[in-house]
Amino acid sequence: MISNIIVYSTVFLALVFTALYLLRPGLRKKVEQPRYTFLQQLSMYDKQNAVANSKEKNSQNLDVRKDSTL
Amino acid sequence: MTNQATTGPSDTFNPQIESLLVRAHSLAAFATLLLAVTFGILVSLQFVFPDALNAFPSWGRMRYAHTQGIMLGWLGNAFFAFMYHAVPILSGRPVTSRTLGVAIFALWNFAVMIPGWILVLAGFSQPLEWAEFPLPVDVLIVIGFVLVAVQFLPGFFKHGFENLYVSSWYLIGALVFTLLSFPMGNIVPELVPGAAGAAFSGLWIHDAVGLFVTPMALAILYYVIPASTGKPIFSHFLSMLGFWGLFFLYPLNGLHHYIFSAIPMGAQLTAILASILLGVVVVIVVSNLMLSQRGAGLIPKNIALRFASMGVVFYLVVSLQGSLQASMSFSSLTHFTDFVIGHSHLAMLGFATYAGIAGIIHAWQRIPGYSLDAKMLDWSYYLLTVGIVLMVLDLSVVGMVQGEMWQQATPWVESLRASAPYWAIRSLTAIPITVGFGLLFYALVTSKEVADQQTAASNAPEEISNNSDVASSAGFSPALRMSYISVFVCGIGFFVGSVSLLGVIPLQSLEEETALLAPVASLALSPAEQRGRVIYAREGCSYCHSQQVRYTEPDMQRFGAPSLAWEGRLDTPHMLGTRRVGPDLARAHNTRTSQWHLAHLFAPREVVPLSVMPAYPELFDGAADKPTREAMDLLAYIETLGRERELAWPEGDQRALSLTDDERALSSLNSSLNTGLLNAHPARTRPRGSAPILSNPSADVSGQPLFSDNCSGCHGDQGLGDGDAAAWLQPPPVNFTEHRYNRDLLADILWNGVHGSSMPAWRDFSIAELSALAGYVDGLSEVSVAPVASSSNGQQVYATHCAECHGDNGDGNGFAAQNLPIPIMPTDFTRERLSEEAAMRALNEGIEGTSMAPWGDRLSQQEMNAATQYVRSLFQGMDAND
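Chains as they are written, first to last, in my numbering: chain A, 3 to 72; chain B, 2 to 883.
No wet-lab data here; the hints were simulated from the structure. Being a predicted model, the structure only gives us computed values, none of them experimental. One thing to keep in mind: the hints can contain errors.
[What the hints assert, rightly or not] Cβ-Cβ distance ranges computed for the label pairs, FRET-style:
id, chain 1, residue 1, chain 2, residue 2, range
1, B, L270, A, V18, 23 to 33 Å
2, B, Q509, A, S11, 14 to 24 Å
3, A, S11, B, R295, 31 to 41 Å
4, A, S11, B, I768, 34 to 44 Å
Each residue gets a CB set at the ideal place from its N, CA and C atoms; glycine is no exception.
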């Protein structure tokens, strides 16, 4: 009895989710959005990382130059 | 070091990656991994060189250290390392605090792992699978998980649920659900006894994998694959379907570790069903992950992607294995065998480990200024893959072999012999695996500092998808946000429901059954027995000896009546076990003598030559006949296993039968009452059962190897009664050259054992094997079967001095026989003839360990000669009708 409830409720929820996904283009777009957002976040991180590193390197170079002038 | 981005296209995107903590957890992960693998290798070598590891801590303790090291030390640190890299990017915000990170690192490694290992190796542990660290360490682990949640989760909550990428969902789910399930699995079985406690323990066994390891590993795979290919995953919809499917179904799986046990069948069926459904969900997840790698090739060039890709394959195989193993037919064949060990290695060392490695490599390669040696990583990948695939194949095959042999009436030691080459191969597969891990560790330790551009170039994805139109789409609807939150709350509710369904309801049901069927008077463990139980748990005995006779025909034939729930009502924590290297001990009570057990504990192979059991000389003062109190305590505990059921039988089972309508309880009670199967090895407990009629030995079965494998430890290679264990046994094992047994008596001894001696029953053997063994033993005898003349004087001496024990006609059933101080029945001279020399020696000196007294100082030489001849004349021939 309990087993039946589990099977039916799981399948029902999955079917509802699938049906909404297929029938509602707006929802589909929103559900799929995070996979693109994630790539954008990765891309932003890589860019920021590169900028931060180059700044860090420049400041290190400046420090080296300062040291050398001393 | 903080890798901080100060500028960017979005003001809200401000990840700060704590590279120092990424590196610290990565290095700690591999350090603990190598230690845990070392424990694993030592554990596996026990089966290949059983006597070579006496210098190390006992097998069980190293086994505890191995599993906890893999799950908490290796995977815990690996997942945390990945999270320090991934969470700031996924949430767009830094973790809560670097100081908190240092505290978590210190807590996890210096307050959990190192003390946990030390305590376990010193003998302070819990005999619960995947929960072996003792309770004080468990408390620290819970604190650790709370701190980890505080460290990583706030960023996600600020980020907003509706925009969470699937990896974020998995990380949140893993932390939340582990916080719920860890205390349940580690603490509840310490409070709830027997099968009910096992139900909670079973839930945790699977929750540890399903709610901690799997979500973390899938979070990594969903992260590393798109980050490496530069393409979005195939479908976020499918990933979310898989996510919710896993979190809804995994908590229901745990009880499939106890199929055919005393746990209510409804709960077992639920677990089976959930396991099969989970297989469907896994196919969805794996399909999505594989499609997300499209274009990357069968063996991707990017090393992190390559590990992730193989992790996906391992995940598919191990999940389908799991669904298959949960089915009743396959479970009856493979449960308790090495197939399950192969399965768990594929899950933890294959799937989860490959994901962990992928996560670490991905994160490490993005630490500015660090680069990993590509060749070393390549070698590591191939060595690990070859090693793990071979190990899992090997364990799967040997598991099937063991299962098949256990289904047949094959002697237990035969399964050990059949397993030996597979165990050797398994140990050999540790070589490529260890070298592979070592190379990875070495690659991290020696990672080179290189130019940043070079690092970035080498790790950059091949293609960055620019889907700005989709990415910049309008905000999310409140409905979607609410639906995610609702489902998440439902998920937690479902977890609580699953614990109720598979833990609390069975607990109530088992308590009711126990109250109904258990004997009125409870026989609690004495202090010595309780101390012995602690030793049994400490040494991990339950990892090789289960304590549950399942409701399966092969189990009942081999061990006796299936276990009833009430039998474990005082067992806290339970020690039902999930593996059998040695036989089940649920019916161990009174089947063997103390001397046998002590000799076996001191030097197992001197008693059972093919045994792979660890020796426990530390429990003795140098010899098997000099046990310490700990040895005696352990012995006392072993003697309690099945004792209550034994004492209650048959009246208790008859009473219970009249009270219950539970189908499986009825089956168990009927099997014990109608077939006399309460104990399949009733050497000392039951009246002698009807021994089978032995046939003439066939040419197909040789008695010699059977004798060598099973009898020579006590009786010696030549049957002279001088085996390695003989010195510790009283009465001493028989010298077969001096005895001639009637076929019926020999069958009776083999089938029932010898009550009061160390000779056990040998019911594992088939009739053909017993016949072959009897034929071989008979062939060792040098005693003639020709008629022996006797004198009236001999008859008179016998009647005066011997008949009261040996019976008027010499059948060993005199009026005093039933009340002898040492409960070994006197010799039946009608069915056993001694050589003249042996009979004379026994009469003159008595027999140690029996009630046979020396008569040398009471009878003249002439009287003894006459009596000797008389008793030898009583032998009625090899067959009853001779």
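Now the hints, each set against the structure:
1. B/L270 to A/V18: 23 to 33 Å: 26 Å Cβ-Cβ, so the 23 to 33 Å window holds.
2. B/Q509 to A/S11: 14 to 24 Å: Given a distance of about 23 Å, which is inside 14 to 24 Å, the answer is holds.
3. A/S11 to B/R295: 31 to 41 Å: holds, 34 Å
4. A/S11 to B/I768: 34 to 44 Å: For A/S11 and B/I768 the Cβ distance comes to about 53 Å; the hint is violated.
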